[in-house]
Amino acid sequence: MIDVKLLRNDPGLVRASLERRGAKVDLDAIIELDNRYRALLQEVEAARAEQNQAGKRIAEASGPAKAPYRNQAIAEMKRLSERLKHLEAELAELRSTLDQALSEVPNLVHPDAPDGFGDEANRLVREVGAPPVFDFTLKDHMDVGEALGIIDTERASKVSGSRFAYLLGPAVLLEFALVRMAMERLMADGFVPVIPPVLVRGEAMYGTGFFPTDEAQVYRCADDDLYLAGTAEVPIASMHAREVLPADGMPRRYVGYSTCFRREAGTYGRDTRGIIRVHQFDKAEMFSFCFPEESDAEHLRLLAHEEAIWQALEIPYRVLEICAGDLAAPNYRKFDIEAWLPGSNRWLEVTSCSNDIDYQARRLQVRTKRESGTDLVHTLNGTAVAVGRAMVALLENHQQADGSVRIPPALQPYTGFDVLTQ
RNA sequence: GGAGGCAUCGCCUAGCCAGGUCUAUGGCGCGGGAUUGCUAAUCCCGUUGGGGCGCAAGUCCCUCGCGCGUUCGAAUCGCGCUGCCUCCGCCA
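Residue numbers (numbering that gives the first Met the number 0): 0 to 421.
Mixed in with the good hints, there may be bad ones.
Calculated cross-link-like contacts (lysine to aspartate or glutamate; reagent style DMTMM-like; alpha-carbon spacing at most 20 Å) [to be verified]:
no., residue 1, residue 2
1, 77, 49
2, 77, 87
3, 55, 75
4, 84, 111
Cβ pair distances, simulated, as ranges [claimed, not checked]:
no., residue 1, residue 2, range
5, 167, 102, 28 to 38 Å
6, 5, 196, 26 to 36 Å
7, 102, 417, 50 to 60 Å
8, 134, 364, 51 to 61 Å
9, 416, 98, 46 to 56 Å
10, 135, 110, 44 to 54 Å
11, 119, 372, 16 to 26 Å
12, 191, 303, 17 to 27 Å
13, 89, 51, 15 to 25 Å
14, 221, 411, 42 to 52 Å
15, 191, 364, 33 to 43 Å
16, 125, 220, 34 to 44 Å
Just so you know, the hints here were simulated from the structure itself, not pulled from any lab data. The structure presented is a predicted model; accordingly, all values stated were derived computationally and were not measured. By construction, the Cβ of each residue, glycine as well, lies at the ideal position given by its N, Cα and C atoms.
Let's have the full structure, built from the sequences with the hints guiding it.
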């Protein structure tokens, strides 16, 4: 949610951001709604003040001697009350129309975000590491994984349908190793590890900005009115909803580990092979709550952690800054990391790091209190390690002629083996 | 799943049965100040969070878990929901 006061005072700024996104929102209609709402609010509040005064007069007029006066005052208050009832109903309706309209306005866009739409408009920030050289015929991750017997999508589809997988044997240890390595690096920088609930209320989905926009991507448990989170971002951001965080604990950094569930509606035929795009995967996610003036730096900090992890995994990657037209509604600025997949001869998105400024905080009402006052915090999130896709990158980049996969030294203390074999 | 209980401004707490002067009591904590002096004490003032109007001073409205209702008027009465606690059942 954007700040309605900002819209009121500087509609040009909001309009410019919307244009860069290519978002079609009738701002003038919202501004008009806001004006009408505030005019009516004043009327209602004046009537309430009058009612409060009248109530006091009634209370003061106790005893038989004052009964006539009292009856007159009650009659007067009845009229007031009747009028207020209508005004308040009108006000409530106007408010909910305004809230609905505001909830559909996407966030502002960072001045440095590249203009444009689509992949071509993304800015290449840097490319790190050289593609490995091989002297044998390369396999893609699925061929490597199947040959090793560590990925089984065929049986998974028997049990759960397409876009599911069994991970077996050393792949399981590899998962725990990746997560443990990421966790320890982040804990060293003060991130608090957390395993959040993954079944959440609609409120949490709305508060983080996934509803109403991305409702189609979310699994719903209808009987309990709960939703399966597509990322730990949802329960972690919501963890401090309606709280005022003490200034001396800022910034608050978490690294959450959770299974993620995504319906992948509308992606039929895309990434159908292997475990690149599945309905269920595990991920360690960074999340920060920080002071507003610190969020630009915090964003770069999260990105630096992501890059350090990919460097430790010895995977060539590139950093992209996502163009204004491709930002999700809550995002103010976003960096993706894409890993190079030599076996598939393509780049694969493996992390995503966003600064949502106060967009989520306003919906979730997460504030911090310091001497200068109580402010909404800024929230940021970034992938520490998306296990499935990290495995894909490892299998393709570190495959060896005999079908085994080399484990980079930084990961070996966590796997307990240096070569992944059958 | 069944039965019962609880929810007040950071924490504790009064108020609820018997609706109006509740602009919510007191304590703790916190912030500011005064006084006395010695390892501290006493006193005074302030201290929920939002919102509207206003250059400001200020002023008004909302907020007693949430919602709906009854009523001229709800912290207080009724209904629903949520959360927590106790017991039973079930369970990793």
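So, going through the hints one by one against the coordinates:
For the suggested pair residue 77 and residue 49, the alpha carbons sit about 12 Å apart, so the restraint of at most 20 Å is met. Note on residue 77 and residue 87: the hinted pairing holds, with a Cα-Cα distance of about 15 Å set against a maximum of 20 Å. Our distance criterion of 20 Å between C-alpha atoms is met by residue 55 and residue 75, whose separation comes to about 13 Å. The suggested pairing of residue 84 with residue 111 is violated, with an alpha-carbon distance near 49 Å, which exceeds 20 Å.
In this structure, residue 167 and residue 102 break the distance hint of 28 to 38 Å, their C-beta atoms being roughly 44 Å apart. The supplied range of 26 to 36 Å is met by residue 5 and residue 196, whose beta-carbon atoms lie about 33 Å from each other. In this structure the hint that residue 102 and residue 417 lie 50 to 60 Å apart at CB holds, the actual value being about 51 Å. Our hint of 51 to 61 Å for residue 134 and residue 364 holds, since their Cβ atoms are close to 59 Å apart.
As the Cβ distance of residue 416 to residue 98 is approximately 55 Å, the hint placing it in 46 to 56 Å holds. About 48 Å separates the C-beta atoms of residue 135 and residue 110, a value consistent with the hinted range of 44 to 54 Å. Roughly 43 Å separates the CB atoms of residue 119 and residue 372, a value that falls outside the hinted 16 to 26 Å. Taking the beta carbon of each, residue 191 and residue 303 are about 19 Å apart, inside 17 to 27 Å as hinted.
The hinted window of 15 to 25 Å between residue 89 and residue 51 holds, with their beta carbons roughly 20 Å apart. Against the hinted window of 42 to 52 Å, the Cβ-Cβ separation of residue 221 and residue 411 comes to about 46 Å, which satisfies the hint. A C-beta distance of roughly 21 Å is found between residue 191 and residue 364, which places it outside the suggested range of 33 to 43 Å. A hinted range of 34 to 44 Å holds for the C-beta pair residue 125 and residue 220, which are about 42 Å apart.
When each numbered hint is compared with the structure, violations occur for hints 4, 5, 11 and 15.
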